[in-house]
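Could you build the full structure based on these sequences and the hints that come with them?
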Amino acid sequence: MENAAAEYSIKGILKQLLTYKSGVFGISLLVLLILISVYTMITIPYSTAIELWRGGENVWIENPRNAQPTWIRYLGKNLPETIKRDSTQAGRVGTIKVLTPIPERNMKLLHISFSFDYEYDDFPSEINIFFTSKYNTSAPLLRIYWIKPSGTKINLMTYIPRSQEERLSLSINPTVSNRLYAYTVNVLGGEPQVPLLVEQAMFAMEDETMNSTLTATPMKGKYELIIEGTLYGEDSDVDAKLIVYGKVYGLAGTDHLRRDLTVALLWGTPIALSFGLTASLTISLLQLLIATISGYYGGKVDSAIQRLTEGYMILPFLPFLILIATFYRLDIWILLLVIIVLSVFGGGVKSTRALVMQIKEYPYIEAAKAYGASSKRIILLYIIPKILPPIVPGLIGSVPGYVFLEAALSLLGLGDPYLPSWGKIIEDSYAGGALYKGHYYWVLEPASMLILTALAFSFLGFALDKIVNPKLREV
Amino acid sequence: MAVKGFAKFVAKRVLTIFLVIVIALYVTIFIANMGGVVDEIVKSTIKMEVAMRFRGPEWQRYDPEEREKLMLQEYELELARRGLNQPFLIRSVIYLWNALTLDLGRAEYLTSDTGSRYVRNIILERLPTTVMLFTTATVLNFLINMAVGLYLSRHHGSKLDKFFIGMAPTSVIPGWFYGIFLILIFASQLHILPYGGLVDVEIVKTRDPFLYAMDVLKHMILPLSSWIISAFFLGCYSNRTFFLIFSTEDYVEAARAKGVPPRQIETKYILRPSLPPIITGFALGLINSWSGAIITERVFNWPGLGTVTYAAINLFDSAVLIGVTVIYAYLLGATVLILDILYGLIDPRIKVQYGR
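Top line first, the protein sequences correspond to chains A and B.
Going left to right, the first sequence walks through residues 1 to 475 as the numbering used here numbers them.
Going left to right, the second sequence walks through residues 476 to 831 as the numbering used here numbers them.
Hints in this document: simulated from the structure, not taken from any laboratory.
Mixed in with the good hints there might be a few duds.
[Claimed, not checked] Listed next, with one range per pair, are the computed distances between beta-carbon atoms:
| hint | chain 1 | residue 1 | chain 2 | residue 2 | range |
| --- | --- | --- | --- | --- | --- |
| 1 | A | 375 | B | 509 | 36 to 42 Å |
| 2 | A | 281 | B | 637 | 30 to 36 Å |
| 3 | A | 172 | B | 688 | 44 to 50 Å |
| 4 | A | 329 | B | 557 | 26 to 32 Å |
| 5 | A | 172 | B | 524 | 49 to 55 Å |
| 6 | B | 552 | A | 47 | 51 to 57 Å |
| 7 | A | 24 | B | 632 | 18 to 24 Å |
| 8 | B | 578 | A | 338 | 24 to 30 Å |
| 9 | A | 430 | B | 688 | 24 to 30 Å |
| 10 | B | 543 | A | 47 | 48 to 54 Å |
| 11 | A | 47 | B | 632 | 55 to 61 Å |
[Stated by the list, open to error] Pairs of lysine-lysine residues, derived as DSBU-like cross-links and limited to a Cα-Cα distance of at most 30 Å, are as follows:
| hint | chain 1 | residue 1 | chain 2 | residue 2 |
| --- | --- | --- | --- | --- |
| 12 | A | 437 | B | 680 |
| 13 | B | 634 | A | 21 |
| 14 | A | 84 | A | 134 |
| 15 | B | 634 | A | 466 |
| 16 | A | 222 | A | 84 |
| 17 | B | 743 | A | 350 |
| 18 | A | 350 | B | 487 |
| 19 | A | 466 | B | 637 |
| 20 | B | 637 | A | 15 |
| 21 | A | 21 | B | 637 |
| 22 | A | 300 | B | 479 |
| 23 | A | 437 | B | 693 |
Yeah, the Cβ is synthetic: ideal placement off N, Cα and C, and Gly gets one too.
Below, the structure is given as structure tokens:
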């Protein structure tokens, strides 16, 4: 008996847990997840996370769309990273800006040159130039040239910025597209089978491979973009920023809205942990309380509670949840409350009640009754502490169920409207056709986080089960 | 006498389950009408019906304004006739009756494949596909877990047994989640199985029932596998433990000592008494599968109740959502009732209790 009491101290249980492989595995995973949560909450505060995730394209405009994680390069092709050149930082590597006033004409000549080495095995995903212009009378007239490593100079277009801040998307610009088509025809000496995309034509080897988008290969070497123009007026000025979007980004890649997935992957951790643990803890404890009342008082109370549990079994839990979530657009914590309400009379009540019925007959309860202890005292101090240990493994083991429930609701489009969670990423990736288009990282990253969390609690629960139910060790 | 007792048992169960369904439907109506949703559905349905009546050529000679007025009058009359201009408490009873009789009104956006706008048609059309897929999954799971569990209990302590014990925790990952990985491997990478859906359009065009059935089976492979993989280790493990506990009972030991052949011990002394709890496990599996269906169907694009639910969520088609909940309440009630009856047939204690 003494031994059993020692087993149930926290220290004792922890000690025993470490003798099981599954216990060690579960605990180390859990510690890792908790560390990630703490790190996330400190480095990316809640408000920042929502701003980053819901701020729209402006926050992430310099990121490529649907970029894979950077480390993927070590597994296969050397995919391009994003290259940035900014004329406000002239003097840095590959950035030159010269403004020459023309005497007595109130005009200036602008020359911006961006150059970079391109040594990747694949084409960039998109090319944008962002202009910031200052003028009072008439807008500047800019000519944009592209020089390939072979020395070929292509006149891409003539551009007139119409407002102070403007984005020129080369990849979808019809003039650029036409110029590059003409250039392709010139190289091939005829029409190409499948015309190249803008960023492909700009980076392609100048040979017969330019015939189709499938055969084109990038030319390695030094590229240069030149912006020349005439500015009118004393204080007129033009600055440009070139972004050659790559195909890899950061630790986790980006989604269809250019958002850095690390934000959501990191923030998903504390959300999943707190959601799963709160749900499991509250529901288990409430069920425990209900079961104890039912078992201890017996009679009418008992039969009423038992009928209620049987009724609950037939209630369509998920359709109810979906109905409520759709009609009232709940945030994650209210959703949690609804889940708790819908599960209090769940299956756990029946099994715990059976335990209570046994313990009720123990001599020490009889003794307590004999010296006049109140029912409240007996339930809270003598029965619940006795049945708490056997339900702990179930409590831990049911955490993943709630984590997956949140993910499932997100997958149905019923998750929290603001918070980034793992289920949300999976939903985005599903809606974005990630599995069809081969953006596997987009699905696999949140999925592996979910699996890690599930396994951590599940293995821990199994190990705990062996400790508190020694019978299981025998068979 | 036993037959009469059994009938009494069944009648009692039918009554209890029906009562729970009534409560579930009432709660559904209550939840749904917090924002007046049910009212809107019913009113728009009546409005449509009234408008239909005024379509005919005999109404064309009326002045449009007058026709509109007559229509409004008719609509008000119809509302009063159905008792829908009364307070919510009375209305809710009317709605409850509608729900119980599956009078689910008209959908706002969705239509059934045959073009019907009635929620009942939309849902009943999809019900068979859901039932087909998930009953198959539950039965397969049940048989596989049972067979492997029995095998493991016979060889307990072996390396394979230890492997199953070690892998059991992986079963917390639900079937739909494995489904994503299966699609990734077999559809996206290997291109040997479809991404989802029920049947290929090309096959439907051939109008060959055999090819059609084969293609449906092909589309069922991945969803079924995902459910089987998900339940495999834990299911086998718990069955094994269960059989082990039963096989160490005194009466089994006694039978062994008497020299009863092992096969007979297994069927008569272990399997027979452990059947009732196993049936309960099967029932719970089936009930879980109905709920799990919603998400699995979303993942596999399987055209059943779940896909209808997903479409209704996206279009905010409240009539369909309420209808789905109603159908689910019936589905769960029916499942529990059938299994209760099975249970009653198998469990001798129930026979004894009601036989007297």
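Okay, the hints, checked on the actual structure:
A hinted range of 36 to 42 Å for the beta carbons of residue 375 of chain A and residue 509 of chain B is consistent with their spacing of about 38 Å. The hinted window of 30 to 36 Å between residue 281 of chain A and residue 637 of chain B holds, with their beta carbons roughly 32 Å apart. A hinted range of 44 to 50 Å holds for the C-beta pair residue 172 of chain A and residue 688 of chain B, which are about 47 Å apart. For the pair residue 329 of chain A and residue 557 of chain B, the supplied restraint of 26 to 32 Å holds, since their beta-carbon distance comes to about 31 Å.
A beta carbon spacing of about 50 Å between residue 172 of chain A and residue 524 of chain B agrees with the range 49 to 55 Å that was offered as a hint. Residue 552 of chain B and residue 47 of chain A have their C-beta atoms about 56 Å apart, which keeps the hinted 51 to 57 Å range intact. About 23 Å separates the C-beta atoms of residue 24 of chain A and residue 632 of chain B, a value consistent with the hinted range of 18 to 24 Å. The hint said 24 to 30 Å for the Cβ distance between residue 578 of chain B and residue 338 of chain A, and at roughly 28 Å that hint holds.
The supplied range of 24 to 30 Å is met by residue 430 of chain A and residue 688 of chain B, whose beta-carbon atoms lie about 29 Å from each other. The hint said 48 to 54 Å for the Cβ distance between residue 543 of chain B and residue 47 of chain A, and at roughly 53 Å that hint holds. As the Cβ distance of residue 47 of chain A to residue 632 of chain B is approximately 56 Å, the hint placing it in 55 to 61 Å holds. With a C-alpha separation of about 28 Å, the suggested pair residue 437 of chain A and residue 680 of chain B falls inside the 30 Å cut-off, and the hint holds.
Proximity of residue 634 of chain B to residue 21 of chain A is assessed by CA-CA distance (about 16 Å); at most 30 Å being required, the pair is judged to hold. For the given pair, residue 84 of chain A sits about 22 Å from residue 134 of chain A by alpha-carbon distance, which is consistent with the 30 Å threshold. Taking the CA atoms of residue 634 of chain B and residue 466 of chain A, the gap is about 19 Å. The hint holds against a cut of 30 Å. Distance check on the hinted pair: residue 222 of chain A and residue 84 of chain A sit about 14 Å apart at the alpha-carbon level, within 30 Å; holds.
Straight-line distance between C-alpha atoms of residue 743 of chain B and residue 350 of chain A comes to about 29 Å, which keeps the hinted pair within the 30 Å bound. Restraint check for residue 350 of chain A and residue 487 of chain B: the C-alpha separation of about 21 Å stays at or below 30 Å, so the hint holds. The straight-line distance between the Cα atoms of residue 466 of chain A and residue 637 of chain B is roughly 14 Å, inside the 30 Å bound, and the hint therefore holds. Between residue 637 of chain B and residue 15 of chain A the alpha-carbon distance is near 23 Å, which keeps this suggested pair within the 30 Å criterion.
Using a Cα cut-off of 30 Å, the hinted pair residue 21 of chain A and residue 637 of chain B holds, with the two alpha carbons roughly 13 Å apart. With a C-alpha separation of about 28 Å, the suggested pairing of residue 300 of chain A with residue 479 of chain B holds against the 30 Å cut-off. About 23 Å separates the Cα atoms of residue 437 of chain A and residue 693 of chain B, which keeps this hinted pair within 30 Å; it holds.
When each numbered hint is compared with the structure, no violation occurs for any of them.
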